[in-house]
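A.B. asks: What follows is the residue order along each chain.
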Amino acid sequence: MKILVAVKQVAALDEDFKIRADGRDIDADYLIRDLNEWDDFSLEEAMRIKEAANTPGDIEVVAVSVGPASVDESLRKCLAKGADRALRVWDDAIEYSDPIAIARVLAAVTMREAPDMLFAGVQSSDHSFASTGIATAAFLNWPHAAVVNMLNYTPGAKTAVLRRELEGGLLQELELQCPAVLTIQLGINTPRYASLRSIKQAAAKPIEMLSLADLHLVANDVGESGSSSRVRRMYLPEKGRAQLIEGDVATKARRLAEIIKEFRGQT
Amino acid sequence: MSIILVIAEQRRGELRPVSLELLGAAQTLRREGDEVVVAIIAQEPQRFNKLLSVAGVDEIINVVGAMEFAPDSFESVVSGIISERKPELVLVAHSVDSFGYVAALAVHHPMGFASDVFKAEYVAGKLVATRGGYGQKVCVELDFPNRKSVLLAIRANVFKAPDPSSTPRLSIFAMPAVQNRSTAREFIELSAADDVDMTSAEFILTVGRGIGEEARVPEFRKLADLVGATLGCSRPIADAGWLPKSRQVGQSGKTASACKLYLAMGVSGAIQHLAGMKHVSTIVAVNTDAEASIFSVAKYGIVGDLFEIAEELRRHF
Ligand SMILES: Cc1cc2nc3c(=O)[nH]c(=O)nc-3n(C[C@H](O)[C@H](O)[C@H](O)COP(=O)(O)OP(=O)(O)OC[C@H]3O[C@@H](n4cnc5c(N)ncnc54)[C@H](O)[C@@H]3O)c2cc1C
Ligand SMILES: Nc1ncnc2c1ncn2[C@@H]1O[C@H](COP(=O)(O)O)[C@@H](O)[C@H]1O
Chain A
1 MKILVAVKQV AALDEDFKIR ADGRDIDADY LIRDLNEWDD FSLEEAMRIK
51 EAANTPGDIE VVAVSVGPAS VDESLRKCLA KGADRALRVW DDAIEYSDPI
101 AIARVLAAVT MREAPDMLFA GVQSSDHSFA STGIATAAFL NWPHAAVVNM
151 LNYTPGAKTA VLRRELEGGL LQELELQCPA VLTIQLGINT PRYASLRSIK
201 QAAAKPIEML SLADLHLVAN DVGESGSSSR VRRMYLPEKG RAQLIEGDVA
251 TKARRLAEII KEFRGQT
Chain B
1 MSIILVIAEQ RRGELRPVSL ELLGAAQTLR REGDEVVVAI IAQEPQRFNK
51 LLSVAGVDEI INVVGAMEFA PDSFESVVSG IISERKPELV LVAHSVDSFG
101 YVAALAVHHP MGFASDVFKA EYVAGKLVAT RGGYGQKVCV ELDFPNRKSV
151 LLAIRANVFK APDPSSTPRL SIFAMPAVQN RSTAREFIEL SAADDVDMTS
201 AEFILTVGRG IGEEARVPEF RKLADLVGAT LGCSRPIADA GWLPKSRQVG
251 QSGKTASACK LYLAMGVSGA IQHLAGMKHV STIVAVNTDA EASIFSVAKY
301 GIVGDLFEIA EELRRHF
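Each protein sequence line maps, in turn, to chains A and B. Just so we're aligned: 161 in the numbering used here is position 161 of the first sequence, and the numbers increase by one with no gaps anywhere. Just so we're aligned: 109 in the numbering used here is position 109 of the second sequence, and the numbers increase by one with no gaps anywhere.
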């Protein structure tokens, strides 16, 4: 039995950054990369399901990411936290893919791996599409549920019971047929830290590479031609309306105290 | 003539406010000769017709369906309406329910698609949608080459609801026969365990992940007491169990409804956090990152270390 976990390497802006010459993205030199926060939780959920099973050895947790070589670092993090295998899909044609094109690739990986369950994160912390997981389910024609913050599932079972987290602290409990695609929400568990020893071991583990041809896809299925949108330009938002309180720490704190006291009518 | 199709949202018999905001967005995007058609799926959809009869709405489609959201039936209804009406533009909310089926529509229909859109306009006759990127630090403009129609999931609290005044046509769309692969069981409200009522607090001091570790929480409890504020938090603090969930401000937590002064310390200003507090008239943000998006909603900004500011602040009370 198998749980496939889709993980994304996200990018945050460095303190100083530049928009690329073509105006359509940030210059890659100014990006700081890390595993998407949501994916930490979905990997942990898969690990817990494995560890709670009667025969954990029969359950494989596989992490998959679509991205260039830099993504190996995030996949190694998944291996260090206990994933049994890690897969990476890449081809230069995949650059400029939107969530729909990425989902097409993830669906092809899922067909190849035939897991009992596919986990994705609710959204990615860099571009917050909140689309890739459910689009993948659509390509697979699998049942799906989004924003799952409680899961009761035994590998191989025909149904899972879960809770979707709605707005305003409301939860909805439902029963879902499996195999399914779930998008996992923050806080569903407490992700573990990898031990130094497991980080060392992970460094030596292989990362399996898949090409488009391995997945029976062609270049037109991905990139701009396989996407439902195209980035036209990126620009910096107009500076917000915040009036900056300047000065040394003491001056700033004094002004803050004044604002609070004004509010409390104590001036 | 082309159709702008809007999918309204209801939950437990209440129209969600974002539904009217979508109609506001439709108004701004409507061109000469366009028709705005809004669909509502509910057990008794006609109950919402009056609320949906706002300026600029030409037609309301009632779909008699399940009481609550189910991904399979919603997808097949909206998919069916799209196939029948062939709208050039479809507007849905970027909401939790939408997270559950909208991307699947984009897979099954050859439409352009963008989520969490906060601005949309026609530029030289072509639709351009804007969303955030890199933690909302940049604006990303998207277009949809070679697409005849476009599906946009629109961010809440951006567009204004139109005035209530129209007399739209009414029509009915028959619910297609669907095998739902999920069965809704029950709703669960978290509020039972509240230790404090964030919605009635007038002055809130919120701590975010910038506080770094659990051991620092007590000093901010004390600081909140000292300055007369109610202590709130962002989601990671509640998820980690450092403060109870009832103190979480934001989309999946509480709305700071009565708040007049909101002091955010070490909060980046993610859109889901802003959903619970950006309306507050006086927001003060303390953050080491001058580019943090919390500064875009704050009235006063302090670029600096929250521990240093807190330390100094204490001396004044
Ligand atoms: C469906 C859904 C619902 C959600 N609901 C909510 C919700 O209700 N509420 C909510 O808050 N989030 C919610 N989130 C999560 C949200 O997307 C963000 O992940 C979260 O708000 C980030 O919290 P933060 O700002 O505390 O942390 P971060 O984004 O990590 O920001 C920490 C900030 O602290 C600053 N900082 C660090 N050290 C210091 C220092 N020493 N001094 C000053 N500043 C410092 C950093 O510059 C940074 O800006 C939701 C997400 C989803 C998908
Ligand atoms: N390039 C990728 N490779 C693997 N998984 C991805 C990729 N992009 C997105 N995902 C998955 O989709 C989730 C939500 O991302 P998004 O829809 O992009 O906001 C992530 O948490 C991942 O599980």
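Please keep in mind that the hints were generated in silico from the structure rather than gathered at the bench. Predicted model only: the values in this text are computed from it and were never measured. One or more hints might be untrue.
Claimed, not checked - Below, simulated SDA-like cross-link-like pairs (lysine to any residue); rule was C-alpha separation at most 20 Å, straight line:
#1 Lys205(A) - Ala219(A)
#2 Lys239(A) - Lys278(B)
#3 Lys239(A) - Lys260(B)
#4 Lys260(B) - Glu262(A)
#5 Lys119(B) - Ala156(B)
#6 Lys299(B) - Pro179(A)
#7 Lys261(A) - Thr288(B)
#8 Lys299(B) - Leu244(A)
#9 Lys278(B) - Ser195(A)
#10 Lys260(B) - Ser195(A)
#11 Lys299(B) - Glu258(A)
#12 Lys261(A) - His316(B)
#13 Lys119(B) - Leu244(A)
Stated by the list, open to error - Which chain B residues stay away from chain A? Per the calculated CB distances, all over 10 Å, these:
#14 Asp34
#15 Ser95
#16 Gly100
#17 Met111
#18 Gly133
#19 Lys137
#20 Asp163
#21 Leu170
#22 Thr183
#23 Arg185
#24 Asp195
#25 Pro218
#26 Glu219
#27 Val227
#28 Thr230
Using N, Cα and C, we set each Cβ at its ideal position, and we do this for glycine too.
A.B. asks: Against this structure, judge whether each hint is valid.
C.D. replies: Results for each hint:
At most 20 Å may separate the alpha-carbon atoms for a hinted pair to count; Lys205(A) and Ala219(A) exceed this at roughly 29 Å. Simply put, Lys239(A) and Lys278(B) have alpha-carbon atoms about 16 Å apart, close enough for the 20 Å limit, and the pair holds. Simply put, Lys239(A) and Lys260(B) have alpha-carbon atoms about 23 Å apart, too far for the 20 Å limit, and the pair is violated. For the hint pairing Lys260(B) with Glu262(A), the CA-to-CA distance comes to about 12 Å; that is within 20 Å, so the pair holds.
The hinted pair formed by Lys119(B) and Ala156(B) meets the criterion: a straight-line CA distance of about 11 Å does not exceed 20 Å. Distance restraint check for Lys299(B) and Pro179(A): the Cα-Cα separation of roughly 49 Å exceeds the 20 Å cut-off, and the hinted pair is therefore not satisfied. For the proposed pair Lys261(A) and Thr288(B), the alpha carbon gap of about 24 Å is over 20 Å, so the pair is violated. Of the pairs offered as hints, the one joining Lys299(B) and Leu244(A) holds, with about 9 Å between alpha carbons and a cut-off of 20 Å not exceeded.
Straight-line distance between C-alpha atoms of Lys278(B) and Ser195(A) comes to about 40 Å, which puts the hinted pair past the 20 Å bound. With a CA separation close to 46 Å, the supplied pair Lys260(B) and Ser195(A) exceeds the 20 Å bound. For the proposed pair Lys299(B) and Glu258(A), the alpha carbon gap of about 14 Å is at most 20 Å, so the pair holds. At most 20 Å may separate the alpha-carbon atoms for a hinted pair to count; Lys261(A) and His316(B) meet this at roughly 10 Å.
Using a Cα cut-off of 20 Å, the hinted pair Lys119(B) and Leu244(A) is violated, with the two alpha carbons roughly 27 Å apart. No beta-carbon of chain A comes within 10 Å of the beta-carbon of Asp34(B); the shortest separation is about 22 Å. Interface exclusion of Ser95(B) from chain A breaks down, the closest Cβ pair being 7 Å apart, not more than 10 Å. Its closest Cβ contact with chain A, about 4 Å, brings Gly100(B) to no more than 10 Å, contrary to its assignment away from the interface.
Not every C-beta of chain A lies more than 10 Å from that of Met111(B), the closest at about 7 Å, which undercuts listing it as non-interface. At roughly 5 Å, the least C-beta separation between Gly133(B) and chain A is not larger than 10 Å, which violates its mark as non-interface. A beta-carbon of chain A comes within 10 Å of the beta-carbon of Lys137(B); the shortest separation is about 5 Å. Distance check on Asp163(B): its Cβ is at least 25 Å (rounded) from any Cβ of chain A, clearing the 10 Å threshold; non-interface status holds.
The claim that Leu170(B) is not at the interface with chain A holds, since no C-beta of that chain comes within 10 Å of its own (minimum 29 Å). Not every Cβ of chain A is farther than 10 Å from the Cβ of Thr183(B); the closest lies at roughly 5 Å, contradicting the non-interface assignment. Remark: the non-interface label on Arg185(B) conflicts with the geometry, its nearest Cβ contact in chain A lying 4 Å away (cut-off 10 Å). No Cβ of chain A approaches the Cβ of Asp195(B) within 10 Å, the least distance being about 14 Å, so the stated non-interface status holds.
No beta-carbon of chain A comes within 10 Å of the beta-carbon of Pro218(B); the shortest separation is about 20 Å. With 10 Å as the threshold on Cβ separation, the claim that Glu219(B) sits away from chain A holds: the shortest Cβ distance comes to roughly 15 Å. Its closest Cβ contact with chain A, about 5 Å, brings Val227(B) to no more than 10 Å, contrary to its assignment away from the interface. With a least CB separation of 13 Å from chain A, Thr230(B) remains clear of the 10 Å interface cut-off, as annotated.
Checked against the numbered hints above, the structure violates hints 1, 3, 6, 7, 9, 10, 13, 15, 16, 17, 18, 19, 22, 23 and 27; every other hint is satisfied.
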